[in-house]
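As they're listed, the protein sequences go chains E and W. Quick note: the first sequence uses the UniProt record's numbering, first residue 1, plus one each step. Quick note: the second sequence uses the UniProt record's numbering, first residue 1, plus one each step.
What the hints contain is simulated information worked out from the structure, not anything from laboratory work. Keep in mind that this is a model prediction, so the values were computed, not measured. A few of these clues could be false.
As the list claims (entries may be wrong) - To spell it out: a stretch of chain E is covered by chain W in this simulated footprint if at least three of its residues, at any positions, have a beta carbon under 8 Å from a beta carbon of chain W; those stretches are: (1) 65-75; (2) 149-159; (3) 205-212.
What the hints assert, rightly or not - Okay, the calculated beta carbon distance ranges per label pair: (4) E/Gly119 x W/Leu104: 24 to 30 Å; (5) W/Cys22 x E/Asp204: 38 to 44 Å; (6) E/Asn43 x W/Leu96: 26 to 32 Å; (7) W/Met233 x E/Gly239: 58 to 64 Å.
To be verified - Among chain E residues calculated to face chain W with C-beta under 8 Å, some are: (8) Thr98; (9) Thr108; (10) Val136; (11) Ala194; (12) Cys195; (13) Ser198.
Beta carbons are placed, not taken as given, at the ideal position from N, Cα and C, and that holds for glycine.
What follows is the residue order along each chain.
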Amino acid sequence: MKKIALTLAASLLFSTAALADPIKVGVAAEPYPPFAAPDASGNFTGWEVDMINAVCAAAALECVVTPVAWDGIIPSLTSGQIDAIMASMSITAERMETIDFSDKYYNTPTVVAAAKGAGIAPTPEGLAGKIIGVQVSTVHEAYAQKHFAATAAEIKIYQTQDEANQDLVAGRIDATQADSIALDAFLTSEAGMACCESMGAVADDPEVLGLGVGVGLRKGDEELKAKFNEGIAKVIADGTYEAISKPYFASSIYGG
Amino acid sequence: MSRVAPHRIILGGIALAIVVWCVFALRWDWLPKYLPLIGQGIWRTVWILAVTTALGFLLSIPLGLAQAAGPWYLAAPARVFCSVIRGTPLLLQLWLLYFGLGSLFPQFPWIRESDLWPYLRQAWPYAVVALTLSFAGYEGEVMRGAFRSVPRGQLEAARAMGMPRFTILRRIWLPQAIQRALPTLGGETVLQLKATPLVATITVVDIYAVASRVRQDTFIVYEPLLLLAVVYMIITGVIVLAFRQLERRLPSRVA
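Bound-form chain W, shown alone (with noise of 0.2 Å):
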């Protein structure tokens, strides 16, 4: 039987505390108003982030592997392009592309004809290329330095065995260099979590945008701020717990 710490029981206590004190003495009439709309937000939040991730992590491949292994003409753009990215904030990134290109439009009389205009037109689209680019951005990097951790023996062993390049890159090489990266992106993952907030700078309405709009409309400044705070640690914690389990899932050590 394992007894519990009477820290813990302390800890435990003072958060239950704030928590009773948190319902009852701030105000919360707000809510069932802006339900929908919070329920909205969180699904937007949480769409932008899987999918943000999962193509911004599909690019990364390429752009680690061409930086590793790549020739001087594949290697040289992929790294001019994570240094871009991780050299210059997110916010300009996401500037850039939704009013700069917006401002090119007018010039262009085209595009609006065109079939594309009505994502062009939407802010989503643009979220979602600007935060996919910095993922890969990043993430490019860390593909770059898992790649070139997986042991040469182990490549030039399958290579001698006759096994073909994308084979060898199946089998051994990228397995091993996502096991090894795999810490990192899921810390990679939380980060651009909190990166998501930025997209309600243009016009995109996340779970920030929503609190946001509480805010304004009701004057209410703390409440919806900590609700805010509660729904990202509630969604860091599912990203931490489901990075867990894939480290579980995947052997610690290739035999």
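Next up, chain E with everything else stripped away, as it sits in the complex (with noise of 0.2 Å):
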């Protein structure tokens, strides 16, 4: 009997083990729309969501999409409580450092928002003695460090880009700087429209704006790294792509 209970036991942790747990990908828990944002249940919807399930079928993976903070969401990769990031998240040198990426999935220029009519060119000139906002550990602070920290008067950092979005509508900065994309959803907001514009796209600089936004992965994890390559080249060449697009976006995000 007891011997029964034992194989019983023995049968049962290993059928649990051959079963593969679900991949964890990491979106970040706060609303970047349209790309991802949480309904009223709590739900992450978008076409960032859309694409996590598109890939995750195309390359047979099984997917949950796990929301966590922004901020400690690379820790959260290398620590194994997620197991990839599409978060909206550009391939730079600096993560390269910590993490891998898979192929990007698209790719959107930078701009720079400020109130109606304030005539602010995108350009250390134009925005010399002003306050800037941008988003914390993002593409957008480090070229915002690196290009305007000397002429403009504060670099002001958020948590969420939202927050900073905030306080452009209440005068507090100048100006924010942050995905096109992104930024359009704001700027075409009740709150947005009614108070500020685009002042036009950054120039380039792929060393810090890097090369497009890719899936993060722990770094060695070869298997994963492939299987997402694939079911982003998967969805791209069948028209998922295209398809998922269109209901968000007027031309297609992939970028050059």
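Bring the two chains, given one by one in their own frames, into a single complex with the hints.
Take a look at the structure:
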């Protein structure tokens, strides 16, 4: 009797171990429309969430969308709480020192937004003496620190882009720099339309702005990387990418 | 001659071993680069703590007095204020002040032309106001109890001697109330220290914000947090020692 129970326990143990755990794909736990934003019941929806589902389906992976605070998303990946990051994270040399990336799945220009009629050029000269708000540990923060810190009055660091937008509306900052699509969602909102407009794209600097957005992965996780690359290639080739993008964007955001 | 107990030696040895291990086994190469920022962060944490506890304490005296001995039209608002402050999270109060007021600015453009705008624009005034009101709310309750606990006979005797009311408050009532409240005030100041990291959520760069920044820039998790813990422990130690000194300077029993 004891033996049967033991064998039963052992078989149970092995059968659960044999079932692969679903891949936990981390998204930033904050509204970042139209890429990913929680709805009223807390479920994340948006272009990037559709993309996660499509890529995982194409690569035959079982994925769960796992919201993680943006400021701790890389440590969450390296410590194994999540297995991949699909949170509009740009592929940069600095991040490559800690984590690995798949191929890019989108690339959009970086723009500066400011109060309507402010006439601020998105250049170091145009932003001279201004207070600029950016989200912490983003390529935009790195860019602002590198190009605007010398002339700007102050660079304010926010935990989320949403808070920077709120302070732009309040007038506490003169300008904010962020991804064009993410800023568009704010600028076409009621509060955004009333106050602010885009001042145009900043000069490109691939060294800090990176090479587009890719899936963040643990170093050495080659198998998962290959699967994600395969999934991304497949959704682009079979037209799923275009079908997903159509409801969100006027033109393709795959970029050059 | 006093001998050191053996368990103290062992515990001390273990503590020393942990410190040595932390210094050599963990990554501290980021420290020199962030040292100026860390210094600024500590300074900001300390001055915010000092200013808000001092202002909050000054506010708590009328709040406590109004509740302990004031007429109803002073006691009731004081009680409502303390209840609201103690009944809501500090983070909520801070955000209501900062983002709540901020959302009103676009509707009243004249605010941006006023002389106050350079201050309203920055984050630290909101941090100071929110933390001051919070400390005043908690201490108002403490001071109410402290004022009540001073024997009424002393106050009646002073009045019988013809001492003016304000002099009674200044010479007899307030000193004894403060002396009774001092141990509690020390504890509350330590709690106030640990409330200060909330200001990082409204872009005030205190020591907590600096540690997060290091964590986010370098992806090193443990070391900045350890440093943060040590900094807060040292500040707490200073507060505890300062209050112990204060308590010693005030006579424990008023003759």
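Verification of the supplied hints:
Counting residues of the stretch 65-75 of chain E whose CB falls under 8 Å from any CB of chain W gives 4; the rule of at least 3 is met. Coverage of the stretch 149-159 of chain E by chain W holds [criterion: at least 3 residues with CB-CB distance below 8 Å; count 4]. Only residues whose C-beta sits within less than 8 Å of a C-beta in chain W count toward coverage, and the stretch 205-212 of chain E has 0 of them, not enough to reach three; the restraint is violated. Distance hint for E/Gly119 and W/Leu104: a CB-CB separation of about 26 Å, consistent with the stated range 24 to 30 Å.
W/Cys22 and E/Asp204 have their C-beta atoms about 43 Å apart, which keeps the hinted 38 to 44 Å range intact. A hinted range of 26 to 32 Å holds for the C-beta pair E/Asn43 and W/Leu96, which are about 28 Å apart. A beta carbon spacing of about 59 Å between W/Met233 and E/Gly239 agrees with the range 58 to 64 Å that was offered as a hint. Because the smallest distance between the Cβ of E/Thr98 and any Cβ of chain W comes to about 5 Å, under 8 Å, the interface hint for this residue holds.
A distance limit of 8 Å between C-beta atoms decides the matter here; for E/Thr108 the minimum to chain W is near 22 Å, and the interface restraint is violated. The beta carbon of E/Val136 comes within 6 Å of a beta carbon in chain W, closer than 8 Å, and the hint placing it at the interface holds. Nearest Cβ of chain W to the Cβ of E/Ala194: about 7 Å, under the 8 Å cut. The hint holds. With a cut of 8 Å, the hint placing E/Cys195 at the interface with chain W holds, because the nearest CB-to-CB distance is about 6 Å.
Given the 8 Å rule on beta carbons, the hint for E/Ser198 is violated: about 18 Å separates it from the nearest Cβ of chain W.
Hints 3, 9 and 13 from the earlier list are contradicted by this structure; the remaining hints agree with it.
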